[in-house]
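Peer 1: Sequence:
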Amino acid sequence: MPELPDVEMLKRSFDATSLHRPIAEVDVRSDAIVERGSAGELAGGLRGRSFEATRRHGKRLFAGLDEGGALALHFGMTGSLRSFESTDDEPRHTRLLLRFERGSHLALVMPRKLGKVGLVDDVDAFLEEQRLGPDALSEAFDDAVFDAALAGRRGSVKAALMNQRLMAGIGNVYSDEILFQAGLHPRTEVPALDADSRRRLFDTLRWVLCTAVDHGADPAELEGSFLLAHRSEGASCPRCDGAIRRIEVSGRGVYYCPACQT
DNA sequence: CCTATAGCCTGACGGC
DNA sequence: TGCCGTCAGGCTATAG
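Going from the first sequence to this note's numbering is simple: count from 1 and add 322.
Just to be clear, a hint being listed does not mean it is correct.
Said to hold, decoys possible - No farther apart than 20 Å at their CA atoms in a straight line, the calculated lysine to aspartate or glutamate pairs in the EDC-like style are these: (1) Lys333 with Asp410; (2) Lys438 with Glu451; (3) Lys333 with Glu363; (4) Lys438 with Glu450; (5) Lys435 with Glu412.
As the list claims (entries may be wrong) - Label-pair distances were calculated between CB atoms; the ranges are: (6) Gly366 with Gly474: 25 to 35 Å; (7) Asp464 with Cys562: 26 to 36 Å; (8) Ala473 with Arg369: 40 to 50 Å; (9) Ala514 with Asp464: 42 to 52 Å.
Just so you know, the hints here were simulated from the structure itself, not pulled from any lab data. For every residue, glycine included, the Cβ atom is placed at its ideal position computed from N, Cα and C.
Put together the whole structure using the sequences plus the hints.
Peer 2: Put into structure tokens, the structure is as follows:
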């Protein structure tokens with residue numbers, strides 16, 4: 323699930339359920355997903371604290387703590403958050419469980435343990451250390467920055483869009499969506515784009531991400547003109563009704579419409 | 001700098 | 001029903 327629009331939704335639900343409540347109990351169920359310190363240190367650093375505000379950067383979510391520092395969340399391929407009241411409602415595959423005072427719980431649910439959680443002192447320093455590019459929906463990421471990110475690249479446009487060091491937030495699904503909306507074939511190479519098409523690609527990228535966020539990153543809500551809900555071999559193209567195809571590009575499954583994307 | 005590949009993990013799904 | 005292969009919305013390390 324978790325690319326930029328999805329993580330934005332997770333941020334909103336975090337904000338709605340889990341701010342300004344002292345954390346009474348921390349249960350780390352999987353040591354494997356803890357980074358920068360041990361499970362014990364993570365639990366110790368959270369217990370008694372409360373979250374004051376969250377910040378999203380690309381696919382990452384940071385929950386700032388009342389006495390400084392932040393909990394950094396990375397959702398991997400299958401991570402999400404669930405808030406619930408009764409212990410009986412704890413979801414399957416809970417890897418980190420927080421119990422707040424006054425009863426409510428927050429679970430980091432992650433069937434495949436490909437994500438990470440950890441404590442960071444300073445979010446900006448962490449982003450720099452990880453060498454993450456600008457968030458793809460931030461003000462700082464304008465068409466000039468996009469152009470600069472692509473300058474001198476030899477590989478595919480898709481790989482560039484998904485490169486978190488160039489721009490943060492786009493993964494396999496949304497890169498497919500952007501290419502579909504831009505009418506570009508998934509194997510299009512960066513040097514094949516002139517200034518005009520780069521500009522159009524940038525506008526498309528912003529439009530796709532904004533629209534996805536506005537519609538709750540929900541495939542059902544984006545049904546109309548989006549490829550998102552048609553990611554299977556032979557599905558019908560939402561634009562031309564032709565057959566969607568699946569090909570392999572650098573080890574990832576790519577869905578596209580051979581008629582619309584040339 | 002860039003690509004391709006394997007690996008990390010686990011579950012869902014389809015075919016036999 | 002059971003077993004097996006394939007696929008899955010991320011990312012890193014490695015080799016070329």
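Peer 1: Assess, step by step, whether the Cα of Lys438 is no farther than 20 Å from the Cα of Glu451, and give holds or violated.
Peer 2: Within the cut-off at roughly 16 Å; holds.
Peer 1: Does Glu450 sit within 20 Å of Lys438, going by the straight-line distance between their CA atoms?
Peer 2: At roughly 17 Å apart (the allowed maximum being 20 Å), Glu450 and Lys438 satisfy the hint.
Peer 1: Do the beta carbons of Ala473 and Arg369 sit within 40 to 50 Å of each other?
Peer 2: holds, 47 Å
Peer 1: Is Lys333 within 20 Å of Glu363, Cα to Cα?
Peer 2: violated, 24 Å
Peer 1: Using the beta carbons of Asp464 and Cys562, state whether their distance is inside 26 to 36 Å or not.
Peer 2: This hint holds: roughly 32 Å between Cβ atoms.
Peer 1: Hint check: Lys435 vs Glu412, CA-CA at most 20 Å. Holds or violated?
Peer 2: holds, 18 Å
Peer 1: Within 25 to 35 Å: is that where the Cβ-Cβ distance between Gly366 and Gly474 falls?
Peer 2: Between Gly366 and Gly474, where Cβ atoms are some 46 Å apart, the hint is violated.
Peer 1: So if I understand the rule, the pair passes when the alpha-carbon distance is 20 Å or less; does Lys333 with Asp410 pass?
Peer 2: Roughly 24 Å separates the two Cα atoms, so the pair is violated.
Peer 1: Could you tell me whether the CB distance from Ala514 to Asp464 stays inside 42 to 52 Å?
Peer 2: Since the Cβ atoms of Ala514 and Asp464 sit about 23 Å apart, the hinted range of 42 to 52 Å is violated.
Consistency note: the structure conflicts with the earlier hints numbered 1, 3, 6, 9.
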